Amino acid sequence: MHWDIKTDRPIYTQLIEQIQLKICSGVYPPGSRLPSVRDLAREASVNPNTMQRALAELEEAGLLYTHRTSGRFVTEDTDMIKHVKNSLAEKHVQEFLKKMIELGFDSSEIMSIISEMMKREGDET
Amino acid sequence: MNNIILECRNLTKIFGTVKALDNVTLSIPRGKIVGLLGPNASGKTTFIKLCNQLLTPNEGEILIGGMKPGIETKKIVSYLPEKNYLNEWMKVSDIINLFSDFYADFNTEKAYDMLKNLDIRPKDKLKSMSKGTKEKVQLILVMSREAQLYLLDEPIGGVDPAARDYILDTILGNYNENATIIISTHIISDIEKILDEVIFIREGRIVLTNTVDEIREEYGKSVDSLFREVFKC
Numbered sequence: 001m002h003w004d005i006k007t008d009r010p011i012y013t014q015l016i017e018q019i020q021l022k023i024c025s026g027v028y029p030p031g032s033r034l035p036s037v038r039d040l041a042r043e044a045s046v047n048p049n050t051m052q053r054a055l056a057e058l059e060e061a062g063l064l065y066t067h068r069t070s071g072r073f074v075t076e077d078t079d080m081i082k083h084v085k086n087s088l089a090e091k092h093v094q095e096f097l098k099k100m101i102e103l104g105f106d107s108s109e110i111m112s113i114i115s116e117m118m119k120r121e122g123d124e125t
Numbered sequence: 001m002n003n004i005i006l007e008c009r010n011l012t013k014i015f016g017t018v019k020a021l022d023n024v025t026l027s028i029p030r031g032k033i034v035g036l037l038g039p040n041a042s043g044k045t046t047f048i049k050l051c052n053q054l055l056t057p058n059e060g061e062i063l064i065g066g067m068k069p070g071i072e073t074k075k076i077v078s079y080l081p082e083k084n085y086l087n088e089w090m091k092v093s094d095i096i097n098l099f100s101d102f103y104a105d106f107n108t109e110k111a112y113d114m115l116k117n118l119d120i121r122p123k124d125k126l127k128s129m130s131k132g133t134k135e136k137v138q139l140i141l142v143m144s145r146e147a148q149l150y151l152l153d154e155p156i157g158g159v160d161p162a163a164r165d166y167i168l169d170t171i172l173g174n175y176n177e178n179a180t181i182i183i184s185t186h187i188i189s190d191i192e193k194i195l196d197e198v199i200f201i202r203e204g205r206i207v208l209t210n211t212v213d214e215i216r217e218e219y220g221k222s223v224d225s226l227f228r229e230v231f232k233c
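Just so you know, the protein sequences line up as chains P and W, in that order.
1 is the number of the first residue of the first sequence in our numbering; add one for each residue after it.
1 is the number of the first residue of the second sequence in our numbering; add one for each residue after it.
No wet-lab data here; the hints were simulated from the structure.
Do not take every clue at face value.
Pairs of lysine-lysine, DSBU-like flavour, derived with a Cα cap of 35 Å [to be verified]:
(1) W:K125 with W:K110
(2) W:K131 with P:K6
(3) W:K110 with P:K6
In this text, all values refer to a predicted model and were calculated from it rather than measured experimentally.
Produce the entire structure from the sequences given, and follow the hints as far as they go.
Given below as structure tokens:
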């Protein structure tokens, strides 16, 4: 599985985002067991302590939980996953809006660009 | 067990008129992967050789697991020198036998596993191998020990990027979480993701120590870019 680590930001925050993404997109379904820290670190080619830190923060936030004997699992709380999904969406849209405003578009122009593009995509599929 | 695996105080090594290491004080905990980063001739190899008792300091001291470098520390330190020191006429399987005789913590099964993953035949002699393959054999030998401290001097210097990835994967896959690995290198971009901490060394002095993520947070750039700035010619 692909892990994309950029060079300009802390690694653990990027790991948090990518695990959130994998949970939201169903790569790690609700209630499923995560691979071990070591395996995840190896898969992402990152330091195991850094991976551990990311998992600990996700656990703190409630998205993951640890079962004493059998490992670490994704929460079964689908509302919470939905909530994370929404906040990820908000973040992406915010970044998008920031760039569009930098380019000099106002709200109505942005809206019409989006609806135009979505229509075109719809036609193509 | 003490949480510090390697400690040095006021360590100084002089070659003629050159201070290869100048009053270095460091303490490195267990369970970390540490990058010892510096340009050529900054003192990286001198430091590692001092840790292995291949050199003796002019001033200061080193303690590994609380002991001065010597026979006892060699039992817990697995060392990858920058140069190939193995006998060319030996087969890989001979060298594995030698290592397992020599080191109580050598895991023969692990060594054969790694050889297999890299398509290296145990019956091949070293002299028939390319430089890159020899480097892989050396790394396999070093990582097959269940050591407390691994000192890897330029482990990725001579190999191509694909083999580099494999080597990093081998390091990640074969160390136990209570062991510490110190990797000396000047090739940082490929390696920084697997490091906890970095030590920048220049002209025998420590110029910076920090964790990779704190550097990224504080400077908004990778360790590699920071290194290029700090050591700009």
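Do the hints match the structure? See the list:
no., hint, verdict
1, W:K125 with W:K110, "holds, 20 Å"
2, W:K131 with P:K6, "holds, 32 Å"
3, W:K110 with P:K6, "holds, 33 Å"
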